[in-house]
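The whole structure should be built from the sequences, with the hints applied where relevant.
Chains as they are written, first to last, in numbering that gives the first Met the number 0: chain F, 0 to 490; chain A, 0 to 638.
Every clue listed holds true.
Incomplete in silico selection of chain F near chain A, CB under 7 Å: (1) 315; (2) 318; (3) 329; (4) 347; (5) 382; (6) 405.
To be clear, the hints were calculated from the coordinates, so they are not data collected in a lab. On a predicted model such as this, the values are computed, not experimentally measured, just so you know. Glycine included, C-beta positions come from ideal geometry on N, C-alpha and C.
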Amino acid sequence: MNINQEMENRLESAGGTSAAASTAQSPFTTPAHFTAARALARALAVAQNNAALYPATHPHVVQSITEFVEAATMIFDLGLDEVTVNVYKQTLFIENHVLPEESVTYRKLICDLLSRGISALTVARNFSARDAHAVATMLNTTDVTSIAQARALLESFGTTSVLLAETTDLEDTSRAEEDRENKAVNRAAYDHGVTLMRDVETQTKLGHVFEVEPLRQLIGGLIDNLFRDPAAILGLTAIKSHDTYTLNHSLNVCILSLSLGSALGLETEMLKSLGLSALLYDLGKVRIPEEILNKEGPLTAAEWTIVKSHTTEGADLLKRIQLVDQMPMIVAYEHHQRQDLQGYPQPENGREQHLFSKVVALCDAYDAMTTRRPFRREIRPDKALAVLMQGRDKAYDPTVTKTFVAMLGIYPMGAVVVLDDSSTAVVFRINKDDLLRPRVKRIIDASGRWLEEPETIDLRLVNPQTGTYDRNIIECIPAAEAGIDDVWQYL
Amino acid sequence: MDRNDGFMARAEDLMRMFAIAVNTVRLYPANSPLRENSLNTFTEASNAVTRIRGPVQYRIDRHRFIVGDTIIGESSGQVSALAETLHALQVGQLIIAPGLSTTEILHFIEIIGKEPAEMQASGGIRSTLIEAGIENIAAVEVSLRASAEEGILGLDLTTAPVTDIARELVAAAEEWMATATGNSKATDLVATALDRLEPAARDLAMDRCAEALRLLDEETRIRVLASALSPASDAGRMDAMLDVIAHMPPAALARLLRLTALRTDEQPNALLETLALPPELAKELAALLQPAAHGQNEYDASGEVNPAETAAEVTAPTENDATHTDALIRAATSQNTADRGLMTALALTHAHLTEDSIHALAEALEPAAATCAFDALAEAENLLSDLAQEPRFATAAHAAREILTSQTLLRTCINAVVDGDHTHSARALIDSAGRAGTEALLTAYLQSDAARRDRLLPLVSSMIDGVATVATRTLRSGETELALGIVNLFTTVNSRRVASALAIGLEHPDYAVRKAAILALTRCPDETGWTAIKRAFTHNDSATRQLAVRAAGQSGLAHFAPDLLEIITGKDGDHNLKKEALLSLESTRSKQAIPVLSRFASSLTLGRRNRELRTLARQVVTSLQSEGTDTQEGVYREH
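Structure representation (structure tokens):
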């Protein structure tokens, strides 16, 4: 029985990578909440311990059971209807929040849970002393060796507020298959998007009006996929192409914008409009000579003036579709105006940028920074995010920037990191509860040997013996520097 | 590594098309278009896939094909039949390479149509294909997969485990180094192994060798490259190994070149030149080896990264963040962005003044109008009104301005005026809408309660000329209630500019309107109003005439005296009117009337009514002659 995949899924869904859910903060990120989580873990372990040492009526047992119930109640009072104690790879979590110290201190609790095939124990509202007593008894009864027996024992106590979870190989397989399918579907949508954008570019260059409907369908599909598997969609932005930079950049900005819009809480209709705007915001560049756009070295004042005109040129092109949606025209016009309104074109009456323009400006900067160009080296993703943070209140809206960074994580998906064992890994999923400790796929070992099968590591996991984290990130490096061409394949 | 990304589906499609092509060629005559179609379809699809992915390798397992670990085409009868055919010819693998031509396929189909025994007799399918000049389809026979030879020569590079290939590549590099330093010809085992393969399989083998290199540790990989670069006694290098290395993915290759260059104390670009690469790839590698300026200068990314600090900051959103986000979202609704759309369209019109941009501006007006973006609308109206003067743009500008005269927009503007929102812009829009604006304003005014009327009055007053113009029809023949409302409005405005309009009220069929109009006119200190009243003296309705005469008196204006005297002394037989005129005349206190009236009073007459008139006239004369007498004390009575 493989509980790992199930745990990964559960930890992920509890706060993991969902862009759609990222507006909801992890329930234990504040100090008060975290204290409550630790108190619950401690109360559970102490209740189990005392129940093993003393008879049920002993004051120690009674007191520890009472404290267990109180600890659970304290969490319910924080607004949760239920709380889950998770065990994943010998590490204790409350919901998706890792408890490094407790993972070492309460080894016995972890072992007793795992030996019964239990990877999660959920207590719900109405959790009573009887339920607490049942849990402690279940963990101390040596005859209980499987989750089925554990459930039966709880049932014999009349417990209804405690749930136990495990997983099966079947679920594991189906999940992996589903992930593969999603990945293929998303990639197909992405490639289709590139084709559509090429067509838009061609039509525009020829002075023809392009069709909006296929673009809207594309965005509808991306939004559906975003809701189904946000991480897979976001991972597509790791696709970089040097041949078709403009087209890929449009797609990447569109996906980043949709994800950020979703994280900000925009409704589907607004997301559709945002997506279309993000896809087309730089269309004006078709009217800028390529030799200026791709010029290596600094631009002259005259060239810079021409480059800047891409905003009005873009809006001018997109005014033709304003009966369908006005936002692409607006975003094309505003996306370089900046938060401090020191950008271009000069804003009318000091009016601040539209939210969509703020979102697109941010996503544009991030994707551009993290993509290598003939005339500019890429900036590694963590540094790019730091640049955006530094640019708050100047170029970018502070709140939107914070949401963006919280969504992508300090080490975003696709970032290449060197671990403290000198191996190289690609960030595979971020952990919402701990942005500094994502899940990574190790692909190159310390000696520089590429692994035949990448190894997934959750950097939140602690060493049961030392209580310290198993692995740490030493630094983030550009993918090309590590010799990695296509990080998307690892996501 | 997961490299699927839809490739399996494409590989399966390709095989299906191949099977169809094989069957079609077999079933149809040479001149059949079906044959040509199926061959072309397969050729195009094949080259489309291989151009991107390189050679596609199919393994044959009796009645099915396998790509990677995936079985394909098992459910298709045609594909299964092709697999069986190839299996019978002892084909273990089929490799399709880029650049395939329809001629090659035709030859291939011919060859696989042979009997297995015949094929064996002619040396097997592999040699038959080579003899036929087929370069881009390779068939690897099952018997070739096992070899008695040692080292890399004993491996089938297209199927052997990459770990084995990696090991043998290292050995081959070592062999090169060992022999390169001697006097005899250096041994390039990789070249020998690759030469044994048909061209279609060679690319695939090199890809697999390149993949195998990545399984080596970095130190060994560097050593392999350094060895391959070591010149032999004839100055040659281990070209086949260099070709294999050139098949590595660009970034991995660039890293290897960089690290090797450090080791051998050379420039990475010098090493790059030793590799035979397609120009595009060479360019990309050159860029990777000598990257352009760092982007961080452009983005002012000079600051240090403090991940922990950033993480703490972004995971603890403040209440302000939530409020700010809510405000941004509220402001982002389409309801709230129409004015932004219009402002953008305006800016574009300023930037590129064309008919097209005016049309776009017109399109932006509607949503802005629907969402009461008065300020932007007013600005657009200003611009359009200027453009309407320019012959080039007049038509487009007029058409756009039409949108600004919609009753819906005007009503919302009027409501805005009432509510005190964007008053200046809303007033400007109503004003600039001309007759439509005035009509909307008048209608709204008439339909409003007293409080709203008070708020609208300043605007109505400022537009009173227009209002008076549009009110004429109602005053002449409109609904009584509306007409009375207009008269009341005009009375409130109390402007001499409404007198003409009020005069039209005298034509209204309803006496109530006429009455109101006459009373209002008496309050107009203006020649136009007086003239209207005088005209009413001869109105065909006696009550109206009487009212007008009475109103003239009520005005107390001597100006009416001659007309009143004319009524009194005239031959018209309206006795009551004459009486009313006498009373009004008294009210005018006109001394000039005394002589004429005295003559009338003393004139001889017959009949009771005439006598009554003269008696009344005498009384009026007496009244007018008396000093200090005012209307209150006279014979004039309030009606």
